[in-house]
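Below, each chain spelled out in residue letters.
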Amino acid sequence: MKLTLRVWRQKNTDAPGAMSTYEVDGISQDMSFLEMLDTLNEELILAGDDPVAFDHDCREGICGACSLVINGDAHGPERTTTCQLHMRSFDDGDTIDIEPWRASAFPVVKDLVVDRSAFDRIIQAGGYISAPTGTAPDAHATPVPKPDADFAFEHAECIGCGACVAACPNGSAMLFTSAKVNHLNVLPQGAPERETRVLDMVEQMDSEGFGGCTLTGECATACPKGIPLPSISAMNKEWLRATRKARR
Amino acid sequence: MTRTLWDSTVGKKVIMAVSGLVMLLYLVVHMIGNLKIFFGSDEFNGYAHWLRVMGEPFLHHEWALWIVRVVLVAAVVLHAVSAYQLSRRDLRARPITYVHKRPRASYATRTMRYGGIILGLFIVWHILDLTTGTVHSGGFQHGHPYQNVVDTFSTWYGNVIYIVAMLALGLHVQHGFWSVAQTLGAGRASRDRALKTLANVLALVLTVGFISVPVAVMTGVVS
Ligand code: HEM
Ligand code: SF4
Ligand code: FES
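Chains as they are written, first to last, in the numbering used here: chain A, 618 to 865; chain B, 666 to 888.
Don't read these hints as lab results, they were simulated from the structure.
Here are the computed lysine to aspartate or glutamate pairs in the EDC-like style, where the Cα-Cα straight-line distance is at most 20 Å: (1) A:Lys619 with A:Asp655; (2) B:Lys766 with A:Glu695; (3) A:Lys862 with B:Asp672; (4) A:Lys628 with A:Asp667; (5) A:Lys619 with A:Asp642; (6) A:Lys628 with A:Asp666; (7) A:Lys854 with B:Asp857; (8) A:Lys619 with A:Asp647; (9) B:Lys766 with A:Asp714; (10) A:Lys854 with B:Asp672; (11) A:Lys854 with A:Asp817; (12) B:Lys766 with A:Asp711.
Kindly generate the complete structure, drawing on both the sequences and the hints.
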């Protein structure tokens, strides 16, 4: 396949950026999207140019590092991570626009790499449980009803990639935060911090400069892990419950 | 707790949801009341008179009406101020748009802000037109709402303003009602269909109910 790529290039956070156009040839349908970019970068390096910076790590859809907006869609046209997107989703001769996650809480570091440490601080604010250290307890020591376990599992799937923020017209982190809150709040292990967790994580989310939720649903459409939109409502419920109890 | 509500994006949405619900409840009652115009001027004017004496003798003349007015003004102000503050925040959170554009979300969802502004302007015009008579087209008469309504809808601009506003209302309620359920924590995957259907029905009934009055005047059914 022969492709035209229009890629966002930006030297650093403060420098102005712009779209640059590149041609790549000899792309196989079986390549992943990131391998296609590797091909481009090899050519750029050979030509003595600066390679395109992009985030990636596991390349198997579990770490949440890869983060590209492809033709206006976070993670591209398929419901998966950028690393699991394959070139068979495109046609020979296509022009592909590649941009970084856009949100003021995710400043661009370089080219397509953004700083997502705001997510880490949301996790630090309450995305943990207090557990005694020592030998691991028996798996059946604390019974968890099956529907609750399923609910927790569904939300534990969030890999913290930030596609929800990138897709949201308000740059809102509600889907991510709701995944983390719901995951722990439904479990008995998460019960001691149930109220403070949701209040603190939402407060941190707001102070990072993410926008509010207008329920457009773009986040859930973009999420590679299928975190559903009603998760936000479930978090709102937890937040209202905690606010009523006013336990801080 | 009040601080938490006002200071948090989640809390401010709750304020929007509750104030929106208050207005919505009022609009359903208002729309049903308007339909009395189809039963003639005596019934309609009598109903308008009753609105002023309701609650008597427990409440003084017009007290009940004024309570409703105060609650509604509070709801409109809270709703509009929250909408303004949240929208400012949302725009700041996404200052750079994508070069590759594509339509996002449904029409009703995308037009909440403009639709809200249209509704806000309409509320002002509507009160100046049919409550105080300040901008009324004919000779406005207090206590004769039937004639006032017929006069308003005998002008082309009266019809246009009213019908456009009611279409905007339908869109606002369509996304708004479903949103309320999400904001107040009642959203579930299993009841999403039911909520969306209810929102559509509510939006349609309100819009058709309100618009039936100008259409009736235009076609001469009410005159
Ligand atoms: C003063 C004029 C109005 C303005 C400026 C306005 C603006 C808005 C905006 C911008 C939103 C979306 C906010 C967000 O999701 O963050 C919204 C939601 C909503 N509006 Fe309005 N609106 C107005 C009048 C009304 C009226 C007359 C009703 C009565 C039916 C109403 C009912 C609602 C409801 C139920 C919501 C959903 C609240 C939620 O998301 O939980 N609004 N409004
Ligand atoms: S909710 Fe989905 S899109 Fe958002 S960070 Fe988690 S996995 Fe990524
Ligand atoms: S590189 Fe790890 S999820 Fe894509």
